[in-house]
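J.: Here is how the chains run, residue by residue.
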Amino acid sequence: MLETKERLPRELIAMRVAAEFKGGEFVNLGIGIPNLVADFTSPDKGVIFHAENGLLGIGRAQEVGKIEVPDMMNAGGQPVTAIPGAWLMDSAESFAIVRGGHLDIAVLGGLQVAENGDLANHMRAGRKFGSVGGAADIATGARRLFIAMEHTTKEGELKLLRRCTYPLTAIGVVKKVFTDVAVISVEPDGFLLEEVAPGWTAEEVQQVTGAPLRVSPNLREIALAPY
Amino acid sequence: MAIRPVYTDPAQAVADVPDGASIMLGGFTAALGTPKVLFQALLQTTQARDLTFIGNGTPQIMLGEGEQRRFLVFPPERVRKVICSFPGGASVRQGIPNPYEQAFGDGSVELELVPQGTLAERIRAGGAGVPAFYTPTGVGAPFGAGKEVREFDGRAYLMERWLRADFAFVKAIKADRLGNLVYRNTARNFNPPMAMAATVTIAEVEEIVEPGEIPPELIVTPGIFVDRLVLVRPRHEPVEGRNGNA
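Heads up: the sequence lines are chains X and E, in that order.
The numbering of the first sequence is my numbering, which starts it at 3 and goes up by one.
The numbering of the second sequence is my numbering, which starts it at 432 and goes up by one.
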């Protein structure tokens with residue numbers, strides 16, 4: 003039963019995403035699993051994290067119950083510190099960074115991802131409105147967009163599809179999807195399965211994916227060690 | 432005279448906001464860089480209604496901390512329209528319902544959903560005298576529907592219009608008497624572009640110093656964009672987040 007088959011916890015999805023960083027990139031992390039990626043990124047890599055509310059150079063979280071730095075938050079509203087050399091900016095400048103193509107990588111959550119790279123991440127079907135926030139600009143503007151999410155919903159609904167059924171946030175933008183069972187690239191001809199979680203086969207990943215998967219000749223298991 | 436009037440009574444600073452006014456409200460969440468004193472004065476000391484609010488979220492502020500925290504929401508009955516990127520509102524993230532969800536749902540308040548970067552740029556464009564610009568954000572998305580699409584160098588872009596308002600309420604940490612402003616950390620966010628884009632910009636500040644005391648290279652918003660200063664008590668009350676600073 004694939005429903006009960008063991009999947010990776012959120013932290014391991016985040017750790018796998020962090021392995022993509024070669025060093026020195028400028029990266030924006032969305033709320034949820036993406037936000038965990040910073041915890042698994044070695045400071046030695048010199049990756050600089052951007053918060054769209056106006057901070058380039060997010061540092062560690064502030065100590066709980068103590069105001070270390072007033073008015074310093076990430077885009078999720080969590081108190082953070084700034085690294086030495088950080089820059090503060092207003093919202094228009096911050097999105098000039100985003101829209102201008104200066105961000106190397108963005109990692110966002112997703113409700114649905116389609117094989118043509120379309121992303122739905124701000125509004126479920128049937129809702130009267132959604133809160134898009136900065137997701138549309140970031141998805142559109144980042145040079146490479148990664149999605150970190152669970153492979154299916156808690157109810158078992160498929161999230162990787164031929165076409166999104168939820169309202170779209172941005173079209174043709176997703177480059178790679180990191181889930182609790184697989185790592186899948188979005189290629190011009192659709193999904194390419196590159197890595198599977200321990201214990202999972204390509205056939206099993208296909209069964210929980212709503213679009214055809216091409217299997218990479220170099221298919222491998224997701225490495226579960228810090229990179 | 433370029434010296435800006437200083438109000439110690441916030442009610443006087445907002446007393447001339449008429450019915451039907453459009454108001455830009457600075458801040459990123461209900462607490463980070465949000466002009467809470469001006470918001471409260473507008474809510475509690477005026478009768479202004481039929482208002483249009485422009486900001487990152489719905490018109491609400493957070494007061495207090497932890498178990499004591501509460502959200503003060505501008506009554507939807509006095510609001511005609513909200514232009515924002517995050518209509519769910521900061522309170523919803525903390526499990527507290529936002530009355531605007533129902534107001535948008537039943538249509539009693541109009542919602543114009545704008546992606547955050549487009550919102551910031553529309554406001555900046557308003558202040559900079561640029562009536563429209565093109566952005567790739569929103570192409571193919573419901574919030575981009577109906578807008579002019581134009582291709583530049585093989586890529587599709589949407590035309591977006593500037594945003595201007597009758598009033599901007601902004602929050603800065605310090606001003607000089609000419610209205611030059613500096614902000615603290617990420618409390619800056621929408622405040623500088625909004626200060627540029629309104630007919631009357633009212634800045635809520637915690638300290639006012641003499642001209643020259645803020646070095647020119649550190650001024651973020653020049654006083655040319657600022658019309659009124661409201662001096663408020665320094666606020667160190669923890670108001671948001673795990674350890675609640677804002």
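Calculated directly from the structure, the hints in this document are not laboratory data.
Hints are supplied without guarantee of correctness; some may be wrong.
Below, in silico cross-link-like pairs of lysine-lysine (BS3-like), each with a Cα-Cα straight-line distance of 27 Å or less [stated by the list, open to error]:
id, chain 1, residue 1, chain 2, residue 2
1, X, Lys177, X, Lys24
2, E, Lys605, E, Lys512
3, X, Lys47, X, Lys24
4, X, Lys156, X, Lys178
5, X, Lys178, X, Lys24
6, X, Lys68, E, Lys605
7, X, Lys130, E, Lys578
8, X, Lys130, E, Lys605
9, X, Lys7, X, Lys130
J.: Is the straight-line distance between the alpha-carbon of Lys7(X) and that of Lys130(X) 27 Å or less?
T.: Judged against 27 Å, a Cα distance of about 35 Å means the pair is violated.
J.: Given the hint that Lys178(X) pairs with Lys24(X), does the C-alpha gap stay at or below 27 Å?
T.: 16 Å, holds
J.: Lys130(X) and Lys605(E): Cα distance at most 27 Å?
T.: 41 Å, violated
J.: For Lys47(X) and Lys24(X), compute the direct alpha-carbon distance and say whether it is at most 27 Å.
T.: At roughly 7 Å apart (the allowed maximum being 27 Å), Lys24(X) and Lys47(X) satisfy the hint.
J.: Would the hint linking Lys156(X) and Lys178(X) be met if the CA-CA limit is 27 Å?
T.: Roughly 22 Å separates the two Cα atoms, so the pair holds.
J.: Tell me if the straight-line CA distance from Lys130(X) to Lys578(E) falls inside 27 Å.
T.: OK: Lys130(X) and Lys578(E) at ~20 Å, within 27 Å.
J.: Between Lys177(X) and Lys24(X), does the CA-CA distance stay at or below 27 Å?
T.: 16 Å, holds
J.: For the pair we were handed, Lys605(E) and Lys512(E), check the Cα-Cα distance against 27 Å.
T.: 31 Å, violated
J.: Lys68(X) and Lys605(E) were given as a pair; does the straight-line alpha-carbon distance stay at or below 27 Å?
T.: 23 Å, holds
The earlier numbered hints that this structure contradicts are 2, 8 and 9.
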